[in-house]
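Chemist: Below are the chains, spelled out letter by letter.
Number of protein chains: 4
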Amino acid sequence: AGPLAFILGPCQMESRDHALEMAAAIAEITAATGQRAVFKASYDKANRTSLSGARGIGMARAMEVFAEIKEKHGFAVLTDVHEAAHCAPVAEVCDILQIPAFLCRQTDLLIAAAQTGRVVNVKKGQFLAPWDMKNVAAKITGSGNPNLLLTERGVSFGYNTLVTDFRALPIMAETGAPVIFDATHSVQQPGGQGGSTGGQREFVPVLARAAVAVGVAGVFIETHDDPDRAPSDGPNMVPLSELGALLTSLAAIDALVKGRI
Amino acid sequence: AGPLAFILGPCQMESRDHALEMAAAIAEITAATGQRAVFKASYDKANRTSLSGARGIGMARAMEVFAEIKEKHGFAVLTDVHEAAHCAPVAEVCDILQIPAFLCRQTDLLIAAAQTGRVVNVKKGQFLAPWDMKNVAAKITGSGNPNLLLTERGVSFGYNTLVTDFRALPIMAETGAPVIFDATHSVQQPGGQGGSTGGQREFVPVLARAAVAVGVAGVFIETHDDPDRAPSDGPNMVPLSELGALLTSLAAIDALVKGRI
Amino acid sequence: AGPLAFILGPCQMESRDHALEMAAAIAEITAATGQRAVFKASYDKANRTSLSGARGIGMARAMEVFAEIKEKHGFAVLTDVHEAAHCAPVAEVCDILQIPAFLCRQTDLLIAAAQTGRVVNVKKGQFLAPWDMKNVAAKITGSGNPNLLLTERGVSFGYNTLVTDFRALPIMAETGAPVIFDATHSVQQPGGQGGSTGGQREFVPVLARAAVAVGVAGVFIETHDDPDRAPSDGPNMVPLSELGALLTSLAAIDALVKGRI
Amino acid sequence: AGPLAFILGPCQMESRDHALEMAAAIAEITAATGQRAVFKASYDKANRTSLSGARGIGMARAMEVFAEIKEKHGFAVLTDVHEAAHCAPVAEVCDILQIPAFLCRQTDLLIAAAQTGRVVNVKKGQFLAPWDMKNVAAKITGSGNPNLLLTERGVSFGYNTLVTDFRALPIMAETGAPVIFDATHSVQQPGGQGGSTGGQREFVPVLARAAVAVGVAGVFIETHDDPDRAPSDGPNMVPLSELGALLTSLAAIDALVKGRI
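Residue numbers (this note's numbering), protein chains in the order written: chain A, 1 to 261; chain B, 1001 to 1261; chain C, 2001 to 2261; chain D, 3001 to 3261.
Just so you know, not all the hints are guaranteed correct.
[Claimed, not checked] Calculated pairs, EDC-like style, for lysine to aspartate or glutamate (alpha carbon to alpha carbon, straight line, at most 16 angstroms):
#1 B:K1072 / B:E1021
#2 D:K3045 / C:D2108
#3 A:K45 / B:D1108
[Claimed, not checked] Restraint-style ranges between C-beta atoms, simulated for each label pair:
#4 C:E2242 / D:S3143: 36 to 44 angstroms
#5 B:E1071 / A:E92: 30 to 38 angstroms
#6 C:R2016 / D:G3144: 27 to 35 angstroms
#7 A:G259 / D:E3021: 45 to 53 angstroms
#8 A:A255 / B:A1088: 54 to 62 angstroms
#9 C:Q2189 / B:E1202: 29 to 37 angstroms
#10 D:K3258 / B:E1202: 33 to 41 angstroms
#11 A:R16 / B:G1176: 36 to 44 angstroms
#12 D:E3174 / A:G259: 30 to 38 angstroms
#13 B:A1088 / D:E3174: 48 to 56 angstroms
#14 B:A1076 / A:A54: 32 to 40 angstroms
#15 D:E3021 / C:Q2189: 43 to 51 angstroms
The hints are simulated quantities; they were obtained by calculation from the structure and are not laboratory data. Computed from a predicted model, the values in this text were never measured in an experiment. Backbone N, C-alpha and C define an ideal beta-carbon position, used for all residues, glycine too.
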């Protein structure tokens, strides 16, 4: 298994300026620690808890910004798609199309993403058993696209709570697809703040260390220069100022469990 | 509160002939028992467990059949929509647009359904707390459509299992929307048969009686002339031959708890 | 199936005077509504959330009070036992020995209770599947005592929350034992108040109606003249002033579903 | 934090000969790998799934064997107690008294164990939130005994399934007590084989690695020379032949996360 990859970026693409600043900061941090990174941001938050939640800058503008970030920093970029019709235009720029967890069983969306030929990263639904992801994976590979990633992001555990079942990592790996651990959304508290979704940022390093010790291909971590003012997922984003130390500690565990030290 | 309404029909609209036969049978049964019924069928099963699952006859043909059923039997008809672009054409024929549970937080779909002005029936996500449906409801009513139904259909409970929390019924009723109990999908065993979803038909009457005793506006029950050969949800559909007795027993409990006997 | 039985009383036997007052009030209410009742109270709360929680008046004094209540009102009486050594002395007075849910797999306690020959009411553990109660039941009947009741009181659902799976009622009834629904502890929020256990009294009638509509032999309801000052389980006890109306409504549903009206 | 401790041994003390053989084998393995070990075995399995399950050799004989093992190998020894009256005699020999998860709220048992002055290891109930263990811990320390360990062993997740929430480790550590991860019972499938309890041995190393990466004081692993013929917990015990490699890999992760390499 290759060394750990990191998927890093803010929850939303809030503006061109903010995305460029975040990309530059992430490029600097990962260069310093010698890590491989994919830049992520969402151009549209299509399933906010309430109607008044900010949704991002939209697809067309976001693609321009992603292209700029790719050119400037050499990052691969990832974004999530919510409608079949968005897959083709997104795939013109983005290297990885991500299927949101709520939508992981929407056949048309999966097929449209697969048909772009880009890497498709499917997040496991909060309502799904890990062994049932083989059916989801087959919707991608059965559409002729072998470039599949599967992401763990927690499973429903009572109300307003997710739990991560770390047995899910080796179970999903049996499909042959690289498995990613999403340390950000695994600590979400869905709907837990009444009109928005809460989170427990302090457990991001805890669960990420566990995942890397179990063995994963990559870790997904949302980060922000000022999480408490971020328009979404603030409670579970890691401050930029803490990112470097976290990446370093995870890479050390990864090197140990993959037998490189 | 008015007397109990029933939403009845096969899971899929399998063919024009089958839908017409089912509608005729349901008309006969509900006429005999004096019940009010809405006819339901799905024109596209967009989230089958695996790629090989049958998906139904498609939107355009289904709308013709729904129109025929409305004219012949005077039924209101309900179907589920999976994409924002489908809402307007479906609303030309169907009286009730249903939002699937997995999609209950997809803002664009909710707004598009609301803007048709038709009744919108939103199923509570398997991953959602009942008190969080007030945010979902507000996406419909905040789009100018007060004609809202909320449906309980079970919540994730470990793997491949749903449980019905009957506290959810009065909690969702606090929104002011009539609450429906979906007795068919509440007994699903999601993914429980490996490549397809299982179910426990024998518990449909059990949970339906419980829901009616708690107090609901309606009960949703999928039914089929030959459930074991149905292309989807067979394990949890009630055979037509048992439907009449079930409706009668539920109506009797409803009359008692709503103070009419 | 016979008409619904009610198991009624305060959580704790707080004092002789209080127990006698409660028994008299319950006798009056059930005489007025024509219901059959068993009187319950606990002489020792052996598993309080914290060390400082009040534990009751103790076994010896409680047995005297139970004897007095039996003689005065003709009630059968029920109490819970936590140690094997308590079973024989408790059985000299009490008609039903109840095994607490946490202890439902403690073999020695089950055997000791069974060997008294008294009726044994085993509560299903919050951690147990309903089909696994057949093993528990066999520990009683295999010890030569066929006088067994099984009680549903909710199952763990995330943290600090229980949910009632009403499928459990018919599943446990397959053992042949009469099934009781404990409407009081099913609405507990274990540990939900930090140093003590919370509850949602408003859902007692909701879940009790559901259980009776499904079909049970009896309903267990803790009641108190002043629940907000009770030393334990106050948040989920029904005020005495509301008890009569609740029993009447449950008996009416029971009569309907058991075919007597 | 000190280096990782291991609590190792068979589920049951099956016989004097078997216990001595297991202790010798464990002594040899841990000497070779340089690990610290505590020897564990249960003298009475008091909560078997069914009445016919073997229960062990009994307290008096077990204490003699424990004394022999202590003298021969210098191990500290741990066993579990189910009744308050057993605590004092067990404490004459055993260094650590363990409170079973089902019994973690039984006040009398906790106090009796605390009053021996021995180290008390309380397993978190499958029905308990991690933050509620502070109340349990206070029952021990409030009885004058500061020598407390808290053990994570999974939480109920639907039926016949446990899940480990690794957030529980730092949450329980806030009490100040060293936290142990029980890798054996965390992979139990309670009641999952009908008349007995199943397990998933293949996930013991997976979850143990995760726990050590999060950070724990010790790991509890049941082991057996022939797990498939063991009288209890066979499906989740690690074969002796695999134990050495597992301990070595866990110790390496521990050294990394505790900053010793």
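Chemist: Would you mind marking each hint as holding or not holding in the structure?
Modeler: Hints, verified against the model:
1. B:K1072 / B:E1021: holds (12 angstroms)
2. D:K3045 / C:D2108: Given pair D:K3045, C:D2108 holds - Cα atoms ~10 angstroms apart, limit 16 angstroms.
3. A:K45 / B:D1108: holds (10 angstroms)
4. C:E2242 / D:S3143: 36 to 44 angstroms: For D:S3143 against C:E2242, whose Cβ atoms are near 40 angstroms apart, the range 36 to 44 angstroms holds.
5. B:E1071 / A:E92: 30 to 38 angstroms: Hint violated: Cβ distance 47 angstroms, outside 30 to 38 angstroms.
6. C:R2016 / D:G3144: 27 to 35 angstroms: Since C:R2016 and D:G3144 have Cβ atoms about 33 angstroms apart, the given range 27 to 35 angstroms holds.
7. A:G259 / D:E3021: 45 to 53 angstroms: Once the Cβ atoms are compared, 33 angstroms apart, the range 45 to 53 angstroms for D:E3021 and A:G259 is violated.
8. A:A255 / B:A1088: 54 to 62 angstroms: Because 55 angstroms falls inside the window, the suggested range holds.
9. C:Q2189 / B:E1202: 29 to 37 angstroms: Check passed, 31 angstroms falls within 29 to 37 angstroms.
10. D:K3258 / B:E1202: 33 to 41 angstroms: The hint (33 to 41 angstroms, Cβ to Cβ) is violated, given that D:K3258 and B:E1202 are roughly 54 angstroms apart.
11. A:R16 / B:G1176: 36 to 44 angstroms: holds (42 angstroms)
12. D:E3174 / A:G259: 30 to 38 angstroms: holds (34 angstroms)
13. B:A1088 / D:E3174: 48 to 56 angstroms: holds (55 angstroms)
14. B:A1076 / A:A54: 32 to 40 angstroms: holds (38 angstroms)
15. D:E3021 / C:Q2189: 43 to 51 angstroms: holds (48 angstroms)
Consistency with the previously given hints fails for numbers 5, 7, 10, ordered from lowest to highest.
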